[in-house]
Amino acid sequence: MKSMRNKVIPGFGMTAGITLTMLGVIVLIPMASLVIYTAQMDFHDFIHTITRERVLASFKVSFETAFAASVINTVMGLILAWVLVKYEFPGKKVMDGMIELPFALPTAVAGISLTALTTDQGWIGRIFTRWGIHIAYTKFGITIALIFIGIPFVVRAVQPVLEKMDSSCEEAAQVLGAGRAEIFRKVIFPEIRPALLTGFGLAFGRCLGEYGSVVFIAGNKPYETEIAPLMIMSELQEYDYASATAIALVMLAASFLVLFAMNLIQSKSGRIVRGGR
Amino acid sequence: MNKKETDANFTKLFLIVICFVFMGLFLVLPLMVVLGTAFRDGIHAYKNAVTDY
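So the protein lines, in turn, are chains F and H.
Numbering of the first sequence is given in the numbering used here, commencing with residue 1 and proceeding in unit increments.
Numbering of the second sequence is given in the numbering used here, commencing with residue 278 and proceeding in unit increments.
It should be emphasised that the hints constitute simulated quantities derived from the structure, not laboratory data.
Just so it is clear, CB atoms sit at the ideal spot from N, CA and C, and this is done for glycine as well.
A hint or two may mislead.
To be verified - Residues on chain H that point at chain F, a partial pick, calculated with CB under 10 Å:
| hint | residue |
| --- | --- |
| 1 | Lys-289 |
| 2 | Cys-296 |
| 3 | Met-300 |
| 4 | Leu-302 |
| 5 | Leu-304 |
| 6 | Met-309 |
| 7 | Ile-320 |
| 8 | Tyr-323 |
| 9 | Val-327 |
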């Protein structure tokens with residue numbers, strides 16, 4: 001009781017209660033419903049549903065494109081955040097404001113406009129078609145749509161860390177004779193690595209579940225450009241909720257594993273940056 | 278201007294150009310397509326399309 005009275009910030013019980021209630025209602029109950037729906041089928045049916053050739057192909061497409069887009073977003077997100085924080089140039093504020101455009105634009109609109117751009121007759125598509133490269137209705141196109149969707153996550157995760165970074169370490173390294181590449185690799189990168197991993201994890205999670213923007217540009221060719229969320233939609237349209245939730249459960253488990261691995265790496269690198277083991 | 282400063286300026290310019298190209302291709306161009314398609318048949322066609330319910 002005494003320790004409760006001595007707390008500097010009051011209201012722990014109430015805020016914890018609200019947080020747990022929100023977590024339960026918004027996150028845990030929908031997730032539990034996935035498990036409950038999937039439990040309607042026996043284990044053999046579950047394995048059969050998630051190992052169907054077409055479903056496995058859709059998992060492969062989803063994971064490959066989400067991973068490729070997230071890697072590209074991580075690199076480009078870092079460059080964008082770096083440029084926005086470190087340099088002054090005309091149009092900087094406009095560029096900064098436009099980063100959130102993918103959040104503002106409905107995903108279906110993004111999908112339609114990207115498809116219009118990248119088909120063989122589109123502004124960008126016709127340039128690539130000359131070299132025999134097709135963007136729309138291929139995995140390449142899906143990756144493009146996912147890059148569009150995921151870029152704000154990385155930029156907005158890295159930007160605040162770069163802004164708050166103490167420049168004295170960089171200056172000290174420079175005084176001690178380190179080159180710019182070495183300063184980036186040994187001083188700056190360890191500081192921003194947790195934020196970069198957060199951005200990667202968020203972008204990957206979002207890309208994995210993205211449906212609206214991808215469904216147009218993918219072309220949905222079975223075994224080639226069908227994504228896992230589309231398979232879930234197909235099952236739902238046939239009122240096969242158990243199969244839909246079985247596929248969703250696999251996606252959920254995979255996303256959870258990736259985010260868990262990211263958190264693990266983050267906490268490890270955070271300990272190293274702080275000087276611990 | 279010494280070699281280090283020239284290199285730094287080149288890197289800065291290179292990174293800014295990359296960002297503008299990336300933003301142009303991935304964010305501005307799709308937006309332009311949306312606007313271009315919406316107003317392709319003129320403002321009246323656009324008005325009719327959004328009020329045609």
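Evaluation of the provided hints:
| no. | hint | verdict |
| --- | --- | --- |
| 1 | Lys-289 | holds (6 Å) |
| 2 | Cys-296 | holds (5 Å) |
| 3 | Met-300 | holds (6 Å) |
| 4 | Leu-302 | holds (7 Å) |
| 5 | Leu-304 | holds (5 Å) |
| 6 | Met-309 | holds (8 Å) |
| 7 | Ile-320 | violated (19 Å) |
| 8 | Tyr-323 | violated (15 Å) |
| 9 | Val-327 | violated (14 Å) |
Going through the hint list in order, the structure does not satisfy hints 7, 8 and 9.
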